[in-house]
Structure formats: C-alpha cells, structure tokens
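Asker: One letter stands for each residue in the lines below.
2 protein chains.
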Amino acid sequence: MSADFSQWRHVRQTEVETALNAWVSADAPAGLGQAMRYAVLDGGKRLRPLLALAAAEAVGGSAVLALRAGCAIELIHAYSLVHDDMPCMDNDVLRRGKPTVHVAFGEAQALLVGDALQALAFELLAPDTGEVPDALAAQWCRQLAQAAGAMGMAGGQAVDLASVGVALDQTALEAMHRLKTGALLRASVAMGAATAAAPTAALDALSRYGAHMGLAFQVIDDVLDVTADSATLGKTAGKDAAADKPTYVALMGLDAARAYAHRLLDAAHQALDNSGLSHTHRLRALCDWVGQRQH
Amino acid sequence: MSADFSQWRHVRQTEVETALNAWVSADAPAGLGQAMRYAVLDGGKRLRPLLALAAAEAVGGSAVLALRAGCAIELIHAYSLVHDDMPCMDNDVLRRGKPTVHVAFGEAQALLVGDALQALAFELLAPDTGEVPDALAAQWCRQLAQAAGAMGMAGGQAVDLASVGVALDQTALEAMHRLKTGALLRASVAMGAATAAAPTAALDALSRYGAHMGLAFQVIDDVLDVTADSATLGKTAGKDAAADKPTYVALMGLDAARAYAHRLLDAAHQALDNSGLSHTHRLRALCDWVGQRQH
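Chains as they are written, first to last, in my numbering: chain A, 1 to 295; chain B, 1 to 295.
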C-alpha cells in the first residue's frame, strides 16, 4: 500500500465525511434527523464512495458528481445496516464500535431512520440546483434503485434470511452475495463511471472489476468473522457461525477461503488490465486495500 | 357522486391494478417477490394514483405517464403500511381485511418487503426504455424522495411516534399530518401535473387543493376510526384512541371534526375555482369521494 494511496484515501474519506455531514441534516423532526446522523456519520471505511471516486478518475469523469453518487450509495449501505441490525433480523447491538441505532433510539425510530435514509439517497441524486444533468440523475436513480431493490441488495438479504441452517453450495452462496453486497459495490463503480461518456468495453471491464472485487470483499468478510475479535471488527465477531449462516470459511475452510479471495482480487486487476483505461491505479489500490483489511 | 365518476374511477382503478400487477414482479428471490405482491395487490382505494391521473387530466398531461407516477407513489404508500403495521410500530394484524405482511410472512421479510417496495418506486420513475423523458424522471425522483423522506412522510411518522400520550394542539396535529399523509397526497397531484407544462399559478392552485384535500382525508380518517367497525374499515377500528394518539375527534369532538373536514373540502374546491384550469371535474369528484368514504 503506497503512501500516495493512503494520502488519497484519507483526503477522500474526509471529503465524504464532510459531504455526508452537510447532506444528512439534523433538521428532520422528532429526533429523526439526529438519529439519521448517528447512523451515517463518524465511522465506516466509505469503500463505496471511494470506489465511485476512483471509477470516475479512471474514466476522466467528475469528482464532484462522483462524490454525490458515492454518498447516495453510502446512505443506502447505512440504511441496510440499520435495518439488518434490528431484532427481527440479525439482532445486533454493536456496529462500528457503537450501540446500534435501535439500541440507541428504539426499534420504531430505527425503522424510520432506514426508510428516510433510503429516500434521502434518491433525493441526493436528483437535486433541483442544476448540479446534476437530468440524463445523469435519471440514470443514477435507475442504477441505484436496481442495485438496492428486490433484484439487488434487498433480494440478496431475502436469500440470506432463507439460507439460515441451509447447506448452500458455492454457486448458491455466490449468487446470494452477488445480490446482497455485490450489487451495491458494482453500482458504486458504475455510477462513478457514469460521470463521463466511457466506451462500452471500458464499462464492461469496470463491471467485471466490480463483480470480482465485490465477491472478494465478501469472502474476506467471512474470514474476518472467524479470525478477528469484536473490538478490531467494531461489530460482533463470530456471529455468522453462531447464526448458522453459510459462509465461505464453512464451505471451503479458512486457508482455501483466503486463497480464493486473492484469486478474485487478481481477476479484478486483470479486468482493469483489459479495460483500455490508463488511470486505474486508484481502483487497483482499493482492491489491494480490500485484500489487506483487518476489519 | 355521478355515475360518470364511478365509471371513471372503476376503469382507472382497474388500470392501476393491472399496471401494479405487471410492475411488481414475483421473480424476486426467496419469496420476496410474492410477499411484495401480497402487500401491494388486491386492495386499497388507489386514491394516490387516481389523484395523479386526475391532476394530469386537469393540466392536459399524459395519462400513461401519470399512471406510472401514481403507481410509484402507491408503492411508497404500500411500503409505509407494511412498516407501520410491524410490531415495533403499530403492531397491527389486519390490513385491507387480510393478515398484515409480518403476520403472513414474518417480521424480517416484512422489513425487506417495505425496503424493496421503496426502491421499486424509484425504479418505476426512471425506466431505461425512453418512456419517461430524463427531465421528468429527475423531477419525479426528487418530488417522490422529498415527499417520502425525513421532511415528508417518514418525518411525520417520527412526530407521530413522539406524540403518543402527548396533548398536541390543532396546529401541531396539522403539522404532523401535513408530513405523515399530506406530503404523499400533495406529491400525487404534483407528479401527475408534472406530465404537462402547466402555468405556475395553476400548479400553486393544485398544491393548495392537495393540501386541503389531504388534511380533510386525515380528519375523516380520525372520524372513521371512531364511528366505523373493523369489518367495514378493513383494519382495526378504534386503535388511535386505544393507542392514546392525538386525533381531531379527541381534539374537537365528533361533530366539529366532521364539519371541519367539510370546510377543508370546500377550500379544496375553491382552490380549483381559482386555478385557471377548466378540466378539474375529476379532481373535484375525488374530493367529494374522500368526503363520503366509509372506509
């Protein structure tokens, strides 16, 4: 990991934090705004906004627009964590080292926080200020809605729910993760790339990059669930095994899962090799960062 | 209520049902699609799509586009009911005469159904088929996101949550309802009207119509909660009083609440009188229908 990438990442993460701080207002009534800010601010790796920014850089697109798209995606990610943590789903009490939203604000408010964050994501993509061209706003809303919805993230969560205690094979496990976490990660790359008019072949290559990287991210998540402790992870460790959920580690063992993650990251690099794009170094570094993450 | 309006309403309601039936697919994995269809199809007055269609007719806009916008709004309405009915909110078991979604499919699936329906609403507004001009898609997404979000419906629900057992005065009660139900009803009119280029004065008049009609709708809801039985209502009657929620009936008494609703409906008619629009008869009839509803 180069010092250059570390610096880029910290600068971009600060930009994301500043933008989210401005866009997620405390003004919403009855404490809803404060609870939304609690759910979104001060935590998270901001991988999805970083991917959008790096993809925009790769195609010569707009960093200002990619920041907006990336923050919208981050709001969808944040809402999904709030709802996932609720008692009727994973019933988790710890997230990013803090009490989860339903613990801090109650279940009903947590439900509304998630709902309102999803709406805010789309509001960000279609501002009335002229900052986003209409064609891009329409495309972004379509991309985000598809990635978040029943044939994307929410659909993957439904498969996940239905998979507790079920022996999934690798094909079924990957199909689940392609939806549950993969759809939003691929959308991050695609929505960042949409800020410029890139050739179809380049967009296809970026899509393959996003798919490989997204799957690697999930395999590593499964590895960390077994090997990291809760303090490092900032969330409850070992909960997948405890919940009898299918994981790559359960399926193939720890060492093979680690090796598989690195093959996927290599494939992500190869997709960039064949993209015809010359400014892919941020996307490559993000890939490596995902491979090295400890939480 | 003229026979002409009844016929128009039935034809339009059938169109809405057919469109929702096509747009809410059973294909989503792990039963999610079926549960979404259960939440959306075969029930409901479809007031919001009817308002969008009537508003489009008033400004000489597109019925095809207004149907799409109206269905998107109906999906938001349907998701809000699914989440509202959950144990952590109103904990209701009966809706439109059927077991609520969490009773039929479990709480976790109900949470996902609501989340996926919200995403699908935005997906409908920005199809990749060229059927919706980009500028309209962007405007619709903005209008719907604002109406559904923290400064609209979700914000109103947060105020509602915080109001249990609290003695709200009429001003505070109206501020709550303007967000909780009013925002989406106003958006129905505005998004239907957005299918044509209407003069600002006409749009302002339609906005006043929507605001008065929306508030009347809520006052009548409070009246029906007291006077109708559960079988007629298709949901649990008397639950607002049982939950110690502030209502217009509690605030001003039954007769005064009824009289207030009718003053609001008169004001809605007056707004149309001053709109400069000549094809407002459907909007007027919808207003009267709201005034006469028994459930």
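If you are wondering where the hints come from, they were derived from the structure by calculation, not from laboratory data.
Don't take each hint at face value.
If several chains are the same, the list does not tell them apart, and a pair holds so long as it fits within one copy or across any two.
Simulated pairs of lysine to any residue, SDA-like, Cα-Cα distance not exceeding 25 Å [as the list claims (entries may be wrong)]:
#1 K45 x A259
#2 K239 x P29
#3 K98 x A162
#4 K239 x A30
#5 K239 x C88
#6 K98 x C88
#7 K239 x D169
#8 K98 x A167
#9 K239 x T129
#10 K239 x G106
Asker: Each hint needs a verdict: does it hold in this structure or not?
Answerer: Evaluation of the provided hints:
no. : hint        : verdict
1   : K45 x A259  : within (23 Å within a copy, 56 Å between copies)
2   : K239 x P29  : between (35 Å within a copy, 24 Å between copies)
3   : K98 x A162  : between (28 Å within a copy, 24 Å between copies)
4   : K239 x A30  : between (33 Å within a copy, 22 Å between copies)
5   : K239 x C88  : both (15 Å within a copy, 24 Å between copies)
6   : K98 x C88   : both (19 Å within a copy, 22 Å between copies)
7   : K239 x D169 : within (20 Å within a copy, 47 Å between copies)
8   : K98 x A167  : neither (33 Å within a copy, 34 Å between copies)
9   : K239 x T129 : neither (44 Å within a copy, 43 Å between copies)
10  : K239 x G106 : both (22 Å within a copy, 21 Å between copies)
The structure does not agree with the numbered hints 8 and 9 stated previously, though it agrees with the rest.
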